[in-house]
Amino acid sequence: MTHRPLKILIIDENAVRAAILEEGLREAGGGEQADDAVVIHHIRDTVKLLPRIASIDPDVILIDLENPSRDTLEQMFQVSRLARRPIAMFVDKSDSATVQAAVDAGVSAYIVDGLRKERVKPILDVTISRFHAFDRLQTELHQAKSALEERKVIDQAKGILMKQRSLSEDDAYVLLRRTAMNQNRKIADLARSLVAAAALLNPGDAND
Amino acid sequence: MTDRIAAAFVPLVDCAVLVAAREQGFAAAEGIDLELVKEPSWASLRDHLNLGYVDCAHALAPLPIASTLGVGHVQVDCIVPFVLGRGGNAITVSTQLFSEMQDAAHGAALDSPIAAGKALASAVAKRAAPPTLGMVFPFSSHNFDLRYWLAAFGVHPDRDVRLVAIPPPLMVESLRAGHVDGFCVGEPWNSLAVAEGLGRIVATKSQLMPHGVEKVLAVRAPVERDGERLGKLLRALAAAAEWADDAANHTELARVLASPGYLDAPADLLEAVLRGRLALGGGRVADDPSFIYFHKHAANVPRAEDALWIYAQMLRWGHLQPSAAAQLAAANVFRADLLRRYVGVHAAAPAPSMPFDGIAFDPRDIKGYLERFDVYTRFVETPAAEL
Chain C
0 MTHRPLKILI IDENAVRAAI LEEGLREAGG GEQADDAVVI HHIRDTVKLL PRIASIDPDV
60 ILIDLENPSR DTLEQMFQVS RLARRPIAMF VDKSDSATVQ AAVDAGVSAY IVDGLRKERV
120 KPILDVTISR FHAFDRLQTE LHQAKSALEE RKVIDQAKGI LMKQRSLSED DAYVLLRRTA
180 MNQNRKIADL ARSLVAAAAL LNPGDAND
Chain P
0 MTDRIAAAFV PLVDCAVLVA AREQGFAAAE GIDLELVKEP SWASLRDHLN LGYVDCAHAL
60 APLPIASTLG VGHVQVDCIV PFVLGRGGNA ITVSTQLFSE MQDAAHGAAL DSPIAAGKAL
120 ASAVAKRAAP PTLGMVFPFS SHNFDLRYWL AAFGVHPDRD VRLVAIPPPL MVESLRAGHV
180 DGFCVGEPWN SLAVAEGLGR IVATKSQLMP HGVEKVLAVR APVERDGERL GKLLRALAAA
240 AEWADDAANH TELARVLASP GYLDAPADLL EAVLRGRLAL GGGRVADDPS FIYFHKHAAN
300 VPRAEDALWI YAQMLRWGHL QPSAAAQLAA ANVFRADLLR RYVGVHAAAP APSMPFDGIA
360 FDPRDIKGYL ERFDVYTRFV ETPAAEL
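Protein chains in written order, with numbering that gives the first Met the number 0: chain C, 0 to 207; chain P, 0 to 386.
Possibly wrong hints are sitting among the right ones.
Said to hold, decoys possible - Cut-off 35 angstroms, straight-line C-alpha distance, at most; resulting in silico cross-link-like pairs (DSBU-like, lysine-lysine):
| id | chain 1 | residue 1 | chain 2 | residue 2 |
| --- | --- | --- | --- | --- |
| 1 | P | Lys366 | P | Lys295 |
| 2 | C | Lys144 | P | Lys37 |
| 3 | P | Lys125 | C | Lys47 |
| 4 | C | Lys162 | C | Lys185 |
| 5 | P | Lys37 | C | Lys116 |
| 6 | P | Lys231 | P | Lys117 |
| 7 | P | Lys37 | C | Lys47 |
| 8 | C | Lys116 | C | Lys47 |
| 9 | C | Lys144 | C | Lys116 |
| 10 | P | Lys117 | C | Lys185 |
| 11 | P | Lys231 | P | Lys295 |
| 12 | C | Lys162 | C | Lys151 |
| 13 | C | Lys6 | C | Lys47 |
| 14 | C | Lys120 | C | Lys47 |
| 15 | P | Lys117 | C | Lys47 |
| 16 | C | Lys6 | C | Lys185 |
| 17 | C | Lys151 | C | Lys185 |
| 18 | P | Lys37 | P | Lys295 |
| 19 | P | Lys37 | C | Lys6 |
| 20 | C | Lys144 | C | Lys185 |
| 21 | P | Lys37 | C | Lys120 |
| 22 | C | Lys6 | C | Lys116 |
| 23 | P | Lys366 | P | Lys117 |
To be verified - Ranges of calculated distance between the beta carbons of each label pair, as one might list FRET restraints:
| id | chain 1 | residue 1 | chain 2 | residue 2 | range |
| --- | --- | --- | --- | --- | --- |
| 24 | C | Lys144 | P | Leu327 | 56 to 66 angstroms |
| 25 | C | Glu65 | P | His155 | 27 to 37 angstroms |
| 26 | C | Pro50 | P | His155 | 37 to 47 angstroms |
| 27 | P | Ser322 | C | Lys120 | 31 to 41 angstroms |
| 28 | P | Gln74 | C | Asn183 | 52 to 62 angstroms |
| 29 | P | Gln320 | C | Arg3 | 31 to 41 angstroms |
| 30 | P | Ala176 | C | Ala143 | 31 to 41 angstroms |
| 31 | C | Arg3 | P | Ser322 | 55 to 65 angstroms |
| 32 | C | Asp56 | P | Pro288 | 48 to 58 angstroms |
| 33 | P | Ser98 | C | Ser95 | 52 to 62 angstroms |
Said to hold, decoys possible - Okay, the calculated bits of chain P under chain C, using three or more residues with CB under 8 angstroms as the criterion:
| id | segment |
| --- | --- |
| 34 | 28 to 42 |
| 35 | 159 to 165 |
| 36 | 196 to 208 |
| 37 | 243 to 255 |
Worth flagging that the hints you see were computed from the coordinates, not collected in a lab. Think of the CB as a built atom: it goes at the ideal place given N, C-alpha and C, for glycine as much as any other residue.
Let's have the full structure, built from the sequences with the hints guiding it.
Quick look at the structure:
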């Protein structure tokens, strides 16, 4: 039995996450002729949502669970005379593991009534795994940023020690590291306090 | 031993009882560690409650009824053992729409919901395009109050205006951006719109539906097995509600609610709301001690009559088809018996409630009551697609 491709609408203000999800869904959809072929649309901002959704006429809508536009969406589905009214995925209580996994990942989905479960499940699985992948990416990005910030504050602290105690750069770092170890603190934390204290005592130094 | 209870809330003045229970020590006194989880939307709050991510929620009164009836979403049995607040909503229109209403009224003062409603009806008739009005959720008293008010003046809420649901914290921004021409929302979002010169308050819930139920504590059913834990929570909430209603505590309550973790709004504005002295715009100030309240007039008792009023509104606007089973199920969501069992009998009689149009609600004859309105929307079944 052949199907027409499923139309999937992603509503996400975050273009990076939407792109990651779109890529995943395309990979999963094996081409125009395949049973699981998909056509993907992405709406970024939520102005004039209803006419845009009506013109796309999606089978599945994927949206971040915490997106405030969900209230707007649900009300539209409640009152609109759209020919095909999507309903929340949670309506299908038979697959509670998927629902649980979706909520944990922060995914919510609206699916037109009558769409078979075998066609929805792979889409949800991809969405859940791509949301997790995006979260990991965010975490890594955040870690890279804070590593950069730590290096900068340690450099500043070294500069202060070099100037005030006439130390070489290496000796300044050794002093920082030893003090941090003795106080059972992270070097970056110690460096931050040192820079802050220097800014109080000698407003010129910390800005070097 | 301390019991952890997680409650979801949306930032609104009427989450005050939950906040006071936590911050003023009423929960701790009952041995409860009350964790409050802020939600970005009502859909998110409902999902977290229905799937068990929180134990209970600060909910729009119609929400647990819609959940129990399986309207608009998955069917989940919920109960309401406690009313968290009555009143507290208002209808605000943009300064532009307000001036259209003034023109339509030929200079008559728009100082009552009736004068404002008539003016709005003539302004809507003169407009090239219907105005867009915001409310917070399909299953909210805001939706029902706004519809009731519009319909009373012949404005059909599904034809003559566009209604759109927007979470409360985004309401003021939507008015500023011109996405909506007005809205019905809980405080402080009306007062904030007025304070920023974006709109005028033209009616309050306390004028439209005096003493009307607003936010409730929603809990997934059944609760009997976990009764003692619920009992502790209800006693903490009753004590917190009494404290929150006392005018002597309004300054402190406003200060706590103002913090970024809760409402993130100016404390003086919140205090004015709690005292019922909110600025309406154009120099007018309300003076209504029952604008919002949490305890007096037996406010906390979830009366079956309150639930049936909501059920009747759902019928009026085509959310579902009438049936004896649905009516009974709706009435049984509101469980005054639990409050009686765990907190004790409330001696105070409820305040008599008469809507602004003088059409009294009759819970014993809902069909007859609904026949008194000629503006309504029929229930339409959506056929399922075959895919």
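Evaluated hints:
Restraint check for Lys366/P and Lys295/P: satisfied, since their Cα atoms lie roughly 31 angstroms apart, inside the 35 angstroms limit. Using a Cα cut-off of 35 angstroms, the hinted pair Lys144/C and Lys37/P holds, with the two alpha carbons roughly 28 angstroms apart. This hinted pair checks out: Lys125/P and Lys47/C have alpha carbons roughly 23 angstroms apart, not beyond 35 angstroms. Simply put, Lys162/C and Lys185/C have alpha-carbon atoms about 22 angstroms apart, close enough for the 35 angstroms limit, and the pair holds.
Distance restraint check for Lys37/P and Lys116/C: the Cα-Cα separation of roughly 33 angstroms lies within the 35 angstroms cut-off, and the hinted pair is therefore satisfied. Between Lys231/P and Lys117/P, the direct Cα distance comes to roughly 48 angstroms. Violation of the 35 angstroms bound is thereby established for this hinted pair. Between Lys37/P and Lys47/C the CA atoms are separated by roughly 27 angstroms; this keeps the pair inside 35 angstroms, and the hint holds. Only pairs whose Cα atoms come within 35 angstroms are accepted, and Lys116/C paired with Lys47/C is accepted, the gap being roughly 30 angstroms.
With a CA separation close to 42 angstroms, the supplied pair Lys144/C and Lys116/C exceeds the 35 angstroms bound. Distance hint between Lys117/P and Lys185/C is unfulfilled; the C-alpha atoms sit about 68 angstroms from each other, more than 35 angstroms. Between Lys231/P and Lys295/P the CA atoms are separated by roughly 21 angstroms; this keeps the pair inside 35 angstroms, and the hint holds. With a C-alpha separation of about 17 angstroms, the suggested pair Lys162/C and Lys151/C falls inside the 35 angstroms cut-off, and the hint holds.
For the given pair, Lys6/C sits about 19 angstroms from Lys47/C by alpha-carbon distance, which is consistent with the 35 angstroms threshold. With a C-alpha separation of about 29 angstroms, the suggested pairing of Lys120/C with Lys47/C holds against the 35 angstroms cut-off. Between Lys117/P and Lys47/C the CA atoms are separated by roughly 29 angstroms; this keeps the pair inside 35 angstroms, and the hint holds. Proposed proximity of Lys6/C and Lys185/C is contradicted: the alpha carbons are some 51 angstroms apart, above 35 angstroms.
Proposed proximity of Lys151/C and Lys185/C is supported: the alpha carbons are some 14 angstroms apart, at most 35 angstroms. The hinted pair formed by Lys37/P and Lys295/P meets the criterion: a straight-line CA distance of about 27 angstroms does not exceed 35 angstroms. In summary, the hint linking Lys37/P to Lys6/C is supported, as the alpha carbons are separated by about 33 angstroms, within the 35 angstroms threshold. About 17 angstroms separates the Cα atoms of Lys144/C and Lys185/C, which keeps this hinted pair within 35 angstroms; it holds.
Under the criterion of a C-alpha separation no larger than 35 angstroms, the hint pairing Lys37/P with Lys120/C is consistent with the structure, at around 30 angstroms. The straight-line distance between the Cα atoms of Lys6/C and Lys116/C is roughly 15 angstroms, inside the 35 angstroms bound, and the hint therefore holds. For the hint linking Lys366/P to Lys117/P, the alpha-carbon distance of about 27 angstroms falls within 35 angstroms, and the restraint holds. About 58 angstroms separates the C-beta atoms of Lys144/C and Leu327/P, a value consistent with the hinted range of 56 to 66 angstroms.
Look at Glu65/C against His155/P: about 34 angstroms separates their beta carbons, and that is inside 27 to 37 angstroms. Checked against the given bound of 37 to 47 angstroms, the beta carbons of Pro50/C and His155/P, roughly 20 angstroms apart, lie outside it. At roughly 34 angstroms, the beta-carbon separation of Ser322/P and Lys120/C lies within the given 31 to 41 angstroms, and the hint holds. Range check, Gln74/P to Asn183/C: Cβ separation about 55 angstroms, and the 52 to 62 angstroms hint holds.
Checked against the given bound of 31 to 41 angstroms, the beta carbons of Gln320/P and Arg3/C, roughly 33 angstroms apart, stay inside it. With their beta carbons about 35 angstroms apart, Ala176/P and Ala143/C fall inside the hinted range of 31 to 41 angstroms. Checked against the hint of 55 to 65 angstroms, the pair Arg3/C and Ser322/P fails, with Cβ atoms roughly 37 angstroms apart. Distance hint for Asp56/C and Pro288/P: a CB-CB separation of about 52 angstroms, consistent with the stated range 48 to 58 angstroms.
Take Ser98/P and Ser95/C: their Cβ atoms lie about 53 angstroms apart, and the range 52 to 62 angstroms holds. Here's how the segment 28 to 42 of chain P fares: 4 of its residues keep a CB closer than 8 angstroms to some CB of chain C, so the rule of at least three is met and the hint holds. Check result for the segment 159 to 165 of chain P against chain C: holds, 4 residues qualifying (beta carbon to beta carbon below 8 angstroms, three or more required). Counting residues of the segment 196 to 208 of chain P whose CB falls under 8 angstroms from any CB of chain C gives 0; the rule of at least 3 is not met.
Residues of the segment 243 to 255 of chain P with a Cβ under 8 angstroms from some Cβ of chain C number 0, which does not satisfy the need for three, so the listed coverage is violated.
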